[in-house]
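Enquirer: Take a look at the letters that make up each chain.
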Amino acid sequence: MTEARPPPSAATPSPGPAPSTVPLPYGKAELEKRLGGDWEARVRAMYHGMLFGRVLDTRMLALQRQGRVAFYGPATGQEATTVGAALAMTPEDWVFPGLREQLVALLRGLNLTLYLHHLFGNDLDTARGRQMPCHPSAREVHYVSMSSTIGTQIIHAVGFAYGLRLRKSPGISWTFFGDGATSAVDFHTGLNFAGVYDLPVLFVCTNNQWAISVPNDKQTASATFAQKSEAYGIPGSRVDGTDVVDVFCALREARAEIAQGKGPRLVESVLYRLTPHSSSDDPSRYQPKGWMDKARSMDPVGRFEAMLDRIGVLAPSEREKVQAELDARVRSAIQEAEVMPPPRTDSLFEDTYKVPFWPLTEERESFDKEQGGNFP
Amino acid sequence: MTDMTLIQGVNRALHQAMKADPDVLCLGEDIGVNGGVFRATEGLQKEFGEARVLDTPLNESGIVGMAVGMALYGLKPVAEIQFLDFIYPAFDQIVSELAKFRYRSGGQFPAHVVLRTPYGGGIRGGLYHSQSTEQLFASTPGLKVVIPSTPADAKGLLLTAIFDEDPVLFLEPKRIYRTATGEVPDGDHRVPFGKARVVREGSDVSVFAYGAMVPLAFQACQVLEKTGIHAELLDLRSLVPLDVEAVVRSVEKTGRAVIVHEAPKFCGFGAELAAILAEKALYSLKAPIVRVTGYDTPFPYSLENLYLPSVDRIGRAIQRTVAAG
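Chains A and D, in that order, give the protein sequences. Everything in the first sequence is counted per the working numbering, starting at 1 for the first residue and increasing by one. Everything in the second sequence is counted per the working numbering, starting at 1 for the first residue and increasing by one.
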């Protein structure tokens, strides 16, 4: 099969750090201090997780350009945040995601092939191909179904946390949303309700600096998105979202405080969107010249690799092996999922209600007649 | 059996459900200490505590969104929206989220929430305490829409709603909160969805109504009985699911249909009923279908009595329909 050229702004997986890359500043001693005795295992897990996301995005964007999937919402540039978050969670936690957190689900154990069934919208998709790609539901890993409207999931995380506390369940609610969502109704709704009822919710604002084409300074006059939580009585902080170590430590600490009953927290993760908003977007229409060069120098994968080179963990040859393995996994999952048939037609009429009733029952009965036969 | 008002029927159902099932909880504006602005939740917080009867911040999107999150956890939230007129900040949560969770997750994440809200005119409430917009919700797949007109149905339909597994919009006709009185069965009285109630039988014309229009239509039918017109009156009780068999069967018998609702006529629920009758009972019809509704304007304050269907308007429409053929 001929490979289409990836779109100009798509990052190549693990190119090795670019010359302009700003390396993560940590040495071994500092990593041990921040990550603990098993720091090296954590470092490997962080790299593996980030590269997994990068490889998947690169392959899927290529597939979208080839017309093999209709849509894809890449999260390239956000890997430090999703991986840092996934590693800071416990299995009991629940995730109310935005558009770019599927990597969290995968790192929590969502089967890759099952996720690919969703991306292809086929019969084995647990949601029967009803949603656009990148909108998975995965109850088994506590990854809650999302819509495409912005910010509505934030208040769901709060209501869910009410249940967690009422029933003294272990775990907390995590909700992810972008910079644009901080202007939406349910960002304010969610923070206000969480503050009033003092609930175990961790709000993660992934500030990738662009809400499609609208930059931060047209989204808000506030100096930061983190400071917005102060108005709701919730501590807010900022973290370098391209530094997986920093993200992991900040979220682990916030999670611990929340789990101790200290109430909700908001963490703003400042990062750079390294690909278009989605496969349907063209950033050359709105991004200033030079913005992407600066952004590339802060690529979370490149920054991490530059650090690895310095501390001598995961040598380039070893990294190439990791990448080849991940690429093979992704390709094999794609192969398996792409050949599956579309959802069976009965699924058109199912799951709107627990038990279908008129007019759905009548529409199902006449469906075969309406669809079958020759016209005229 | 106990004699009570419609709003007492609502209160009894909430009380009983909360007593029977610790997962049931109530949330809304002013519903706790104050017992709700209409007193539908009177006494609940005192008996079941603040953790299960929540006074919320003033934000309908928050009330519904919070209830959705609670339902995803496995609780059975009953959210009160103070007036149907105030539900629109929550429209996104209802239409984009609540109604679609089961479908879009392939059944992995059903979100069962009951939204109770007083609706309808006749209380001098002006534009923003009077509207009937049930059609906006009845036309959204994934929601059920239920409307009682008697105390017994208020209790029985609400209990069914709370223990149903789909999201339910439970519309309470506030105009008859205290004027609709009657006997209500004690205990776990449940009224199934999708079954219309035959208020009175007749052979000349079928009258379809719900909510506060039912007692008015009943009066009109009683008056006309003396003039020799035998009208059949059906209280639809649930718009979604609709008792389509009862509707069609009645018109097959009478050959005439008059539809009554408070909401504006254009694209109102009556349009759906008329279309169903055109599809399924056209050859039984002896006269054009007539709709008696609110006018196609916003809801007025001073002239609300002229805007709302009255016994006279309903009665004359029935007379005209019977005379037409």
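The set of hints was computed from the structure by calculation and includes no laboratory data. A hint or two may mislead.
Pairs of lysine-lysine residues, derived as PhoX-like cross-links and limited to a Cα-Cα distance of at most 25 Å, are as follows [what the hints assert, rightly or not]: (1) D/265 to D/226; (2) D/226 to A/369; (3) A/168 to D/19; (4) D/226 to D/280; (5) D/195 to D/226; (6) A/354 to D/286; (7) A/218 to A/289; (8) A/168 to A/28; (9) D/226 to D/253; (10) A/168 to D/46; (11) D/253 to D/195; (12) A/28 to A/354.
Enquirer: Evaluate each hint against the coordinates.
Expert: Here's how the hints hold up against the structure:
1. D/265 to D/226: Measuring from Cα to Cα gives roughly 29 Å; hence the hint is violated.
2. D/226 to A/369: 49 Å, violated
3. A/168 to D/19: The given pair, whose Cα atoms are some 20 Å apart, holds under the 25 Å limit.
4. D/226 to D/280: Status violated; Cα separation ~31 Å.
5. D/195 to D/226: 29 Å, violated
6. A/354 to D/286: 39 Å, violated
7. A/218 to A/289: Cα-Cα ~18 Å, so holds.
8. A/168 to A/28: Status violated; Cα separation ~39 Å.
9. D/226 to D/253: Roughly 21 Å separates the two Cα atoms, so the pair holds.
10. A/168 to D/46: 23 Å, holds
11. D/253 to D/195: 18 Å, holds
12. A/28 to A/354: Violated, at roughly 55 Å.
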